[in-house]
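*Asks:* Listed below, chain by chain, are the residues.
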Amino acid sequence: MQDGLTILSPAGFLDAHTAPEFETAVEQEIEAGHRKLIVDCQGLTYISSAGLGVFMSFLEELRESGGDIKICGPSPKVLQVFEILGFPAIFDMLPDVAAAVKRYAECPVKGGE
Amino acid sequence: MKRWAVWSAIAAAGVALLAYLAPRAHPAVQWRVYRNGEQSQERSREISAAFGVDTQGWAGTVTGDTDNRAGYFAEHHPEMPEARRFSPLEARVALKAPSGAGRLLVSISTAGDVNSWQWTGYPKSNATDPAAARALAAGALDRLMGKDAAAFRPSADRSPNGDNHTFVFERTAPLNERFEATVDSGRVVKAEVTASYPHDVDEALNERKKYINWLQGGVGIGIDFVGTALAAGVYVFWAVRRAVRHRFVLAFSATSILWGAVYWSNWMGYDQRYDSVANNTSLLGNFFGAVLVQVLLILLLVILAGATDAVGSPPKLVTLRSVFSASILNRPAGSSVLAGFLCGPLLAAMPLAVSWLRLPGSQQTGDYEASLIFAAHPGVQALDVMVDIALLGLFGFGAAFLGRHVRNKWLATVLLTAPGILLLSTAALPSETAPAAFLLSGALLFLAYHAIFLRLDLLAVLSAGWCARVLWNGSALMLQPAPSLRSSGTEACLFLAVCAGCAALVAWRGGELPVEDGAAPAVVTSQRESLMKEFSIAHRVQQHMLPSRPPEIPSCSLSASCHPAQEVGGDLFDFLRLPDGRWSIGVGDVSGKGVPAALYMTLTKGLLAATTQDSSDLLEIVGNVNSHVHAATEKKTFVTLAMGAFDPETLRFDHVRAGHNPIVWRRPAPDETSLLNAPGIGLGIVSDRLFRRSLKLDRLQLSAGDALVFYSDGVTEAMNAEQEQFGEARLMRAVEAADGLDAGAVREGILQGVREFLNGIAPQDDMTVVVLRVN
Chain R
7 MQDGLTILSP
17 AGFLDAHTAP
27 EFETAVEQEI
37 EAGHRKLIVD
47 CQGLTYISSA
57 GLGVFMSFLE
67 ELRESGGDIK
77 ICGPSPKVLQ
87 VFEILGFPAI
97 FDMLPDVAAA
107 VKRYAECPVK
117 GGE
Chain D
3 MKRWAVWSAI
13 AAAGVALLAY
23 LAPRAHPAVQ
33 WRVYRNGEQS
43 QERSREISAA
53 FGVDTQGWAG
63 TVTGDTDNRA
73 GYFAEHHPEM
83 PEARRFSPLE
93 ARVALKAPSG
103 AGRLLVSIST
113 AGDVNSWQWT
123 GYPKSNATDP
133 AAARALAAGA
143 LDRLMGKDAA
153 AFRPSADRSP
163 NGDNHTFVFE
173 RTAPLNERFE
183 ATVDSGRVVK
193 AEVTASYPHD
203 VDEALNERKK
213 YINWLQGGVG
223 IGIDFVGTAL
233 AAGVYVFWAV
243 RRAVRHRFVL
253 AFSATSILWG
263 AVYWSNWMGY
273 DQRYDSVANN
283 TSLLGNFFGA
293 VLVQVLLILL
303 LVILAGATDA
313 VGSPPKLVTL
323 RSVFSASILN
333 RPAGSSVLAG
343 FLCGPLLAAM
353 PLAVSWLRLP
363 GSQQTGDYEA
373 SLIFAAHPGV
383 QALDVMVDIA
393 LLGLFGFGAA
403 FLGRHVRNKW
413 LATVLLTAPG
423 ILLLSTAALP
433 SETAPAAFLL
443 SGALLFLAYH
453 AIFLRLDLLA
463 VLSAGWCARV
473 LWNGSALMLQ
483 PAPSLRSSGT
493 EACLFLAVCA
503 GCAALVAWRG
513 GELPVEDGAA
523 PAVVTSQRES
533 LMKEFSIAHR
543 VQQHMLPSRP
553 PEIPSCSLSA
563 SCHPAQEVGG
573 DLFDFLRLPD
583 GRWSIGVGDV
593 SGKGVPAALY
603 MTLTKGLLAA
613 TTQDSSDLLE
623 IVGNVNSHVH
633 AATEKKTFVT
643 LAMGAFDPET
653 LRFDHVRAGH
663 NPIVWRRPAP
673 DETSLLNAPG
683 IGLGIVSDRL
693 FRRSLKLDRL
703 QLSAGDALVF
713 YSDGVTEAMN
723 AEQEQFGEAR
733 LMRAVEAADG
743 LDAGAVREGI
753 LQGVREFLNG
763 IAPQDDMTVV
773 VLRVN
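Respectively, the protein sequence lines represent chains R and D.
The first sequence begins at 7 in the numbering used here and counts up by one.
The second sequence begins at 3 in the numbering used here and counts up by one.
Treat the hints as calculated values from the structure; they're not laboratory data.
No residue lacks a Cβ here, since even glycine has one placed at the ideal position from N, Cα and C.
One should not assume that every hint holds.
Said to hold, decoys possible - Now the in silico label distances, taken between C-beta atoms and shown as ranges:
(1) D/Thr604 to R/Glu37: 48 to 56 Å
(2) D/Ala764 to R/Pro82: 24 to 32 Å
(3) R/Pro82 to D/Pro650: 46 to 54 Å
(4) R/Glu37 to D/Ala241: 50 to 58 Å
(5) D/Lys698 to R/Gly39: 38 to 46 Å
(6) R/Gly39 to D/Thr604: 37 to 45 Å
Full structure from sequences and hints, please.
*Replies:* Given below as structure tokens:
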């Protein structure tokens, strides 16, 4: 494992009920000084707009301090939700954790903005 | 409007074809009825008076009876006018004395010839002298046969049987006829002339009905029984498994019972009353027999309606359901009924055309609807047609059941078509004898009804079927020489025209198809009560912000609704006129739910209204809205938006998609359904520069009949108890099923589909659907 990478693995439903929980988890990582996050979506069966909001709330803050969120392993259904919203233009989306780790090595912060 | 031109052309062609074919191929032409029921009664009173029985004050009742042998013989011996005396249809009159003076039974041919006169229960007196009795019998022969009486020769006298004498006279040419008179107590009590036909008439009759009898037997057991059992199973399974609203089925049953009662009282009024007088049976016994038949028929209808309600494709049922609800006068239902009526004449003409072709070996079976002619009110009887069980079974239940449970589209089509053709072969009127003819009729009818079902819906199919049956009855009446029957037939057809006019009025001026709202939430505690009140105000305020009805845009119909999952929601839609004259249609969805989402929803709505005032460029409009939303919202909040600009003149449709669910584009003509997946990020996520770079404008050329469906993710992500999502595929199927229907029906079909999918579970997210249908 590359230094400083943190993997979060939300599972099941990420909707209005569970999003605050996930939000707290991300917050705790950031407070602990972890800036390079990988969200492994393999176990995610459903994501709602409230869940998508969590990804966005920290992105700016992380990128300003040289960190990022990279998303990997979503099922086709979850990937479709990301895609409809236009996430691939904002986030690095990768097939699995290994690819995300590799991506951090090549490009720590996704360019664009 | 173009659509109505097509339907009107179909109606005109149907009427012209029917007017040409009915006098040439309708079996009722053979009937040649000169007297209606009432006139037949008068005739029998006249003949009774001639036989010395004064029937003033006697109750009279009349029914009809058919004689296939007579009909067949007369049809094949046109050179023999004498054969026509024994018409395929006869009026049977019963007259009953108020006191115990007995009953009179009289049979009268359609031309008015008395073929049988019989008095039972007459008062007895002294025996008659044989010579006087013979003279009375000869007089009776004269009375019945007129100048033909001279050709009859006495053949046998039956020696007095008790007090009465029976005399028989016969002639053998041109046809074998036998006259029999009975004299008792010094008066004629029976006079009857009968014909005996060669054996080959019976043989030919049996032979020609062989195939159609096989078919009817096979269909009865194979399709009717299996189909009904299946439907009953589906209905029971569905009713037990789910907590269903039986509202539609109950309303449908109540209407059927009412309809059946009209039919039955009309039938009881003469047919059963005749039976009770003629055979001296109790009218009450006949009453129960008649009720039983009706109950079975209605039970069958209810089973099929229930199974249809259970598995039917919602867009095909929505208008039929609405007819059995409080809001019967809605535009889509009016359109369906009107279109069905306009197809009726062509559907009535089709089997007549087949019959007119005289395909090898085919003849009409000669099963005539005697009850129609001699009914007390033939016009009412002509209209008294129940919902066609075959049509309800095929298109209500069968098509939906197969569509749902048979994955292979081709197999499902075959499984529907084969029984469909057979079933409609047996139901086709006139009923033909040769397989080539009845199968052709069945196939044509199936294709026509199926086309109506696909283009419109079940209500249109049932209306078309009803209209065709009434036209069949009406034309049977109009083809008769008796003026009263002709005018009854005309009245029935005029009534159809009035119905069609009313449907047209509803289609033009009727209300919107209602959206069924869920029950209001129950208030639990008083503390909560005031909060809930605030929320319900907020709900009202928010719903007021959305257009209460879509604008009238030429060349298309529009329909929109937004159902928040909670009191207030984050979905929005709007129709705004752009400076260049085009109409914009926008559907948006704020992330999250409840109050925060509702507040951002109002913000977005206001931004859209403001930005569309200065620009007609969708990229510019949506780009500006993004900048404002980005600045004004929390980081985790975003808004997705699908927005289109429709040009009613060129039917051009520009659209952008800012992170929103792709618009469904349905093209019925090439039978294609696609999702408009233009690239674009949701509003409020990224800064202006990156946002504008992500956004692309797509342009489509729409054509007549196309539908565009905007929706929020609450529709596609609606989740049932099995945690399946409604999904895009089901949505697209629901849109496809509503081909040919206007925007309101498409939208209601989708929402009904979601409701059925959810099966009682409350929607978790706001649901917005906006439909545009190009005329």
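*Asks:* Hint by hint, say whether it matches the structure.
*Replies:* So, going through the hints one by one against the coordinates:
For threonine 604 of chain D paired with glutamate 37 of chain R, a C-beta distance near 35 Å fails the hint of 48 to 56 Å. Hint check: alanine 764 of chain D to proline 82 of chain R, Cβ distance near 28 Å, so the stated range 24 to 32 Å holds. The supplied range of 46 to 54 Å is broken by proline 82 of chain R and proline 650 of chain D, whose beta-carbon atoms lie about 39 Å from each other. For glutamate 37 of chain R and alanine 241 of chain D, the Cβ-Cβ distance of about 57 Å falls inside the hinted range of 50 to 58 Å, so the restraint holds.
Between lysine 698 of chain D and glycine 39 of chain R the Cβ separation comes to about 40 Å, which falls inside the hinted range of 38 to 46 Å. For the pair glycine 39 of chain R and threonine 604 of chain D, the beta carbons lie near 40 Å from each other, so the given range of 37 to 45 Å is met.
Comparing the model with each numbered hint stated earlier shows that hints 1, 3 do not hold.
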